[in-house]
Amino acid sequence: MALLEMQGITKIYNQGKIEVPALRGVDLTVEAGEFTTIFGPSGSGKTTLLNMIGCLDKPTAGRITFDGQELRELDKKALAMVRRYHVGFVFQSYNLIPVLTAYENVEFAIRLVNKYHKKEIRDRVLQILDAVGLAGLAGRKPNELSGGQKQRVAIARALVKEPKLILADEPSANLDSKTSEEVLQVMLKMNQELGTTFIFSTHDPRVMEYARRLIEIRDGLISKDQRRESEDVSD
Amino acid sequence: MGFIIKIAYKNLSRHKLRTFVSITAIAFSVMIVVFARGLINGMIDTLSVDHIQYNSGHIKIIDQEYLQQERLLPLNYPVDGFNGEGPRAMTADLKEIKDVEMVISRLKFGAMAGTENELITMCGWGVEPEQELIFTDIEDFLVEGRMAQTGRMEVVMGTALLKKLDRKVGEKITIVYNTAFNSLKGSTFEIVGRLESGLKMLNEVVFYLPLDQAQRLLEMDDQVTELLLVTSDKKIIHRVLPEVKKLLADKGATDRYLALGYKETSDLIPLMDIMKIIYNQIYIFLVLLSCIVVINTMIMIVKERTKEIGMMTAMGLESKEILQLFVIEGAIMGVLGSLLGAVSGSVLTSYLAEVGLDYTSAMSGMSADIIFDAIVYPVSSIGNTIFAFMLGMFIVTIACLIPARRAASLEPTEAMRA
Ligand SMILES: Nc1ncnc2c1ncn2[C@@H]1O[C@H](COP(=O)(O)OP(=O)(O)O)[C@@H](O)[C@H]1O
Ligand SMILES: [Mg+2]
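These protein sequence lines are chains A and B, in that order.
For the first sequence, numbering that gives the first Met the number 0 begins at 0 and goes up steadily by one.
For the second sequence, numbering that gives the first Met the number 0 begins at 0 and goes up steadily by one.
These aren't lab readings, by the way, just hints derived from the structure by calculation.
Just so it is clear, CB atoms sit at the ideal spot from N, CA and C, and this is done for glycine as well.
Mixed in with the good hints there might be a few duds.
[What the hints assert, rightly or not] Just the calculated beta-carbon pair ranges, DEER-fashion: (1) 202(A) to 318(B): 30 to 40 Å; (2) 319(B) to 57(A): 52 to 62 Å; (3) 76(A) to 272(B): 43 to 53 Å.
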């Protein structure tokens, strides 16, 4: 069974009296363990699509099944629980809590899921910070970290609760190419080691090289969907 | 929940100055509540104590007709025993009542004395000196000389009255009065003591003389104008008063005498009791006023952290938890501010309870009939401090619900686009 199935997803925003169609009938299936990029020009509907996948917003029409559960049957609280236990978000603007240290930002996420013992929490947080290359920086607050480091904290925060799916909306948009490469390496490594499913959006062609599956979206419709093996990255 | 409290607490340090201003606003209003309540309680306390000591005792027994004309100090409606046999037996019977500790006799009358160019009207209080020294505070007020003694033609007066009469302690004074049989007489007394207090009446109008002298001169042997009963505590009057009334009824004296609790003989004390209730409502508005600062701060906070709130929702926090986060943040300000205000308010009140607040000049125009001490001593009490603290804490927390609900109801996708 696929982790995610979307059928005929339509999203129309109402801007005053004007209706803005952001998605116009998207069909998409994502298997567990995939490392997928959604790319397309600005305004094509990438963020909207990720919000639908991550249960942050409801489609105007269409059906989404996540992990065997039909989302439109869930109420607000149940959707919050799906996000809390099974989905991790990474955003381009990091959105870390500025008064908490890197360690505490990550700790917050794991405490929310409430399935680990106290000591286990500490070990896991430190381990995950180590995995994203922030071993020595656990005690720093966001304003004492560089953009790439902050983004890695955000990834650690999404990863620490071992969700089934991580959604990253233009995770490298605020990073220079060297740093964005590092960040993508981290995500790829997590994907390979833990089997976490990644879906991230970008409009940066250099970033797409890392993906195993490339989905192009234009004007709210999927215009291209191709898979490739990790070996033949040249195209 | 524990972590949410931790975040709320840390969030307060983001804009230290702003947090400080909000806390100060709460602290100020709570401090004012503590102080104002202390002041009013102090006023009621002093008012009651003075009224009890210099007017009514805990229970006052007077002739019914006397009550109507009390301000004129008439001598033809005296208290002279249940059936005219003199107050001695009556006093003895009243003392038999449980919890009645003292029965004080006073004979009050109008009098005059002249200086070179004017006549001063005064009020003479014939008293049993030992009783007065025990029951009232005049011993503390005696700044010069001593109390008048039974059997002697002696008087004690307030500083202001002596000044008006241009007399000093040790000098003689001739006082003119009307006897019970309405003949004008004059007698000469020695001034043996001077009183100084915040009570305008004792200062400017009253002179004390021994009861036996007053009775003899006024031709009122075995008569007084009032009997004051003193119990062990003013709170038990409701229990003692029926006993007194029963005794009067048993002796067939109900149609002549009235027994009145101290609140019944004061206009001011019941008024102050009502004021106290009104003020309790004003305090709520006072604290609400300071809440505006807090609410304003919270609205700014919610605006600033819109993105963060969106992120938290994305992380799977429920609206309920977002609400908690902000309410707790406000509540911490409420608790800190209220604590600060309650502590500083009670320190201030305790200090003023020692030194007193002098309203002499403000009260100079007030009638001397009103027994009201111009120096008010606020009363500091734990109950009062706790009341103000709780009031501050609850109102601030409830007020924070308004901005917190806004935060909780933000749509995550909208919040994130902000
Ligand atoms: N909340 C919204 N209200 C109105 N229009 C919106 C809203 N969110 C997105 N849109 C519109 O929907 C379209 C798709 O937006 P978005 O999904 O953000 O694209 P992308 O992430 O690819 O840049 C755009 O035209 C955008 O203006
Ligand atoms: Mg976008």
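(request) Would you pick out the hints that fail for this structure and give their numbers low to high? (result) Result: hint 2 breaks, nothing else.
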